[in-house]
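Asks: Starting from the structure of chain D, add chain Z where the hints point.
Just so you know, the sequences run in chain order D and Z. With UniProt numbering applied, the first sequence corresponds to residues 1 to 469, in that order. With UniProt numbering applied, the second sequence corresponds to residues 1 to 469, in that order.
No lab work stands behind these hints: they were computed from the structure. Treat the hints with care, as some may be off.
Since the list gives no way to pick one copy over another, a pair counts as held whenever it fits inside one copy or between any two copies.
[Stated by the list, open to error] In silico DSS-like cross-links for lysine-lysine, where the CA-CA straight-line distance does not exceed 30 Å: (1) K59 <-> K24; (2) K122 <-> K251; (3) K367 <-> K251; (4) K202 <-> K325; (5) K325 <-> K122; (6) K251 <-> K325; (7) K325 <-> K59.
There are 2 protein chains.
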Amino acid sequence: MAAKSVLTSQTEDFPRWYQDVLAKAELADNGPVRGTMVIRPYGYAIWERIQAEIDTRIKSCGAQNAYFPLFIPESYLRKEAEHVEGFSPELAVVTHAGGEELAEPIVVRPTSETVIGEYMAKWIQSYRDLPLLLNQWANVVRWELRPRLFLRTSEFLWQEGHTAHASQQDASTYAARIHMEVYNDFLTSVMALPTFLGIKTKGERFAGAVNTMTCEGMMRDGKALQMATSHELGQNFAKAFDIKYSADDGKEHFCHTTSWGASTRLVGGLIMAHGDDNGLIVPPRLAPIQVVALCIRDDAEVVSVAETFKSELNALGISVEIDAKSGSLGRRLTDWELKGVPVRLEIGPRDLAEGVVSVARRDTGEKTNIALAEVAAHVASLLETMHSDLLALSLQRRDDQTVTVNSLDEAKDAARVGFAKMEWSAVGDEGEAALNRETLSVRCLQRPDGSLPESPEEADLVCIIARSY
Amino acid sequence: MAAKSVLTSQTEDFPRWYQDVLAKAELADNGPVRGTMVIRPYGYAIWERIQAEIDTRIKSCGAQNAYFPLFIPESYLRKEAEHVEGFSPELAVVTHAGGEELAEPIVVRPTSETVIGEYMAKWIQSYRDLPLLLNQWANVVRWELRPRLFLRTSEFLWQEGHTAHASQQDASTYAARIHMEVYNDFLTSVMALPTFLGIKTKGERFAGAVNTMTCEGMMRDGKALQMATSHELGQNFAKAFDIKYSADDGKEHFCHTTSWGASTRLVGGLIMAHGDDNGLIVPPRLAPIQVVALCIRDDAEVVSVAETFKSELNALGISVEIDAKSGSLGRRLTDWELKGVPVRLEIGPRDLAEGVVSVARRDTGEKTNIALAEVAAHVASLLETMHSDLLALSLQRRDDQTVTVNSLDEAKDAARVGFAKMEWSAVGDEGEAALNRETLSVRCLQRPDGSLPESPEEADLVCIIARSY
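Pulled out of the complex, with its shape left as it was, chain D reads as follows:
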């Protein structure tokens, strides 16, 4: 392959490699306003697949989609003190509209806790209205001075779930359920990326939350990326927005609320967790194009074979694109590698004369000749094998690059190339501050068996320390 000359290599300059992949695989461009992003069709097709998979899981957990306004009165943000403090430096503010200066400036939503809180208060009267389980797919704006496409952009796309419950226990259970059944299940069973599950330290929590759960993924450069978070908001927003219900004894109580989200940042995570020096590697269950049928020559018989494969594979629920373009074969191969399409069928007259086509896997580069009649069944099973292989490889990489350490100094060394795991009691708030000064952070706290703790105060927790995006 000529791909080596197309991309900067990962080891030479990882951030440059990332930029190269975005451009060469035609995933995204910088927008005209600082920090904004244009998501190109192939990048957006990946996002649509992420959306579809996450949306199905959210609906299975009983939440319903709704839509709340982009514009929020500035006064709403001030109602929850920690929340306004967390967001005020990042806000974009509309001061003029309809040809006039507005009496009250309007904020472009950085997240919708406040406006949704206001409506929950209207809609919830009694315990019979609970739990109220809402989700929204939307754009949000948080002004970024150092933007990076998909990872940190002034505008990004996401889903934000917002729920209200009668008890702390119910809220906590639901937030954890979303974390496991939506995010963790999507990440492992679709995106082939095992993450570290845990909760955030007090210092890393969402503004206004009492507990934040996170999935921390390891990128190919050993840095961490927060893939999704789920927050217990306690009664903080319920008190600020007066979200109350009357219990069956007629008494009024404040609700317990949660929020949880995942964003276009997942596309960045996909690129950096699986990609290699030849470009993207899209896990087969997520790929918008699972198979490319590459016609070596634009000849009627070759194209007709490609079309037969396409209908056979479509019937198995597998998406196929036929490439019968003219132009350099090498360039076309390189382009499909850059785009990370899992399986490539190379269909040429010479192979056809022998009754076979060449089937290539994007992840390992392995190529096999397969008899025409067996191609569809072979590809269907290959896609599942590739999913398992990618998942196993990601797990192995994550564990190989995670070192258990006993001191902050060892942690700092280990976190220069991967993750460090250390007893949280030996780090503490002071140790965390020291790590932050060296641009390292405690990504999450977890139980020694890797499961989610209930609070940072639980005994015997370990913490994951890393550089991060």
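Replies: Only chain Z this time, still in chain D's reference frame:
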């Protein structure tokens, strides 16, 4: 039914009826910022169905989804003179972000022609890059002083397609294809609403377009609602944004562009085109809930029968919600009527003892007892019958309320209660201005056979005159 006391009747006060339906069927609420809208879960579920049907059709026409930024530099809008003039009074402007005043104010997109034009210019080099067929699902903002939920809101959700072509002919053919295969097909074969197809007069065209195609639907009060539009933009935007390609002879040419869109306004159209004094009537192919299985009593046998129906119907691709709530049966019936769910199964112990359930159609109110084993097949066929009946009824209403007239005075009379059809040559620009002064407008121009003309200058056109939303 007790519904008469729940809603204002259509004949008494149609706008009030519309507001009542929005509130009682829990479709939408006013947002906190003037003119914005909260789309509640049931309203959003209808929008998701509209999105899914339109998205599939757009993709079948070869366009790909992408995403462009919410924020547009103010200078972009000034590049196309008519465009800026059309939009400037409606813009929302961000002047502060990230805690600072911005050097250049930023506009919240009222539509994305300008920013997409800028990127098309970057992406298109040669004729081989054409046609470039893009679509975007997004929120847009046009400041509204007299908002009405779903019909006219300061923020609304829509899809906007943007395409670039090598020739005027290709652009024109594609814009018309979208109009017929996406919008008209969706409206008739899913939304059960035959519209008048035509083109806009010069005065009613989109800002910057050389031709605008429209689908004009008739609401139950005889007013017109523009359901979707498709614009030929000629080379206006290509020249303003320098969208050029080199032809196979190496010479450079400006592209011909199109844009086309449909929005959450369609939900308003759905309510007003089909609804009656008992609430919404959702056409069966569009309904997010096609069947409600209403358990007359919360008793184990009844619920188990409901669950059997649900799985039988789900297997036929029909969506079912089981209502086994406690509370007044009358109130529950009224609620499902308000929500316009096409078919209601009433499952009660007395009927079960006789081996039947009652199947009720929302549109006609007709109820039939059906043997348990035949319910699924009966419902599947009933849903298709209801689609045809609704389509036929809408067509009949439209034609009954459309009067062919010979003078402006007759047109004014006819348009007080429905649509007037008149020879365009007898109306002309002056007649149009006179109609506008009486809050009537020329909704579209069409050929006498109802088909799309190529331009307002074509001979023998007729025009449709109406009041409109």
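Asks: Each of the hints needs a verdict: does it hold here or not?
Replies: Structure-based check of each hint:
Taking the shortest Cα distances, K59 and K24 sit within 30 Å of each other only across copies (24 Å), while inside one copy they are farther apart (35 Å). In this assembly of identical chains, the alpha carbons of K122 and K251 lie at most 30 Å apart only when taken from the same copy (18 Å versus 63 Å across copies). For the homomeric pair K367 and K251, neither the shortest alpha-carbon distance inside one copy (69 Å) nor that between copies (43 Å) is at most 30 Å. In this homomeric assembly, K202 and K325 never come within 30 Å of each other (Cα to Cα): the closest approach is 55 Å inside a single copy and 42 Å across copies.
Taking the shortest alpha-carbon separations for K325 and K122, only the inter-copy value of 22 Å comes in at or below 30 Å, while the best intra-copy value is 58 Å. Proximity of K251 and K325 under a CA criterion of 30 Å is satisfied inter-copy only: 23 Å between copies versus 71 Å inside one chain copy. Taking the closest pair of Cα atoms, K325 and K59 come within 30 Å of each other only across two copies (20 Å); inside a single copy the shortest separation is 41 Å, beyond that limit.
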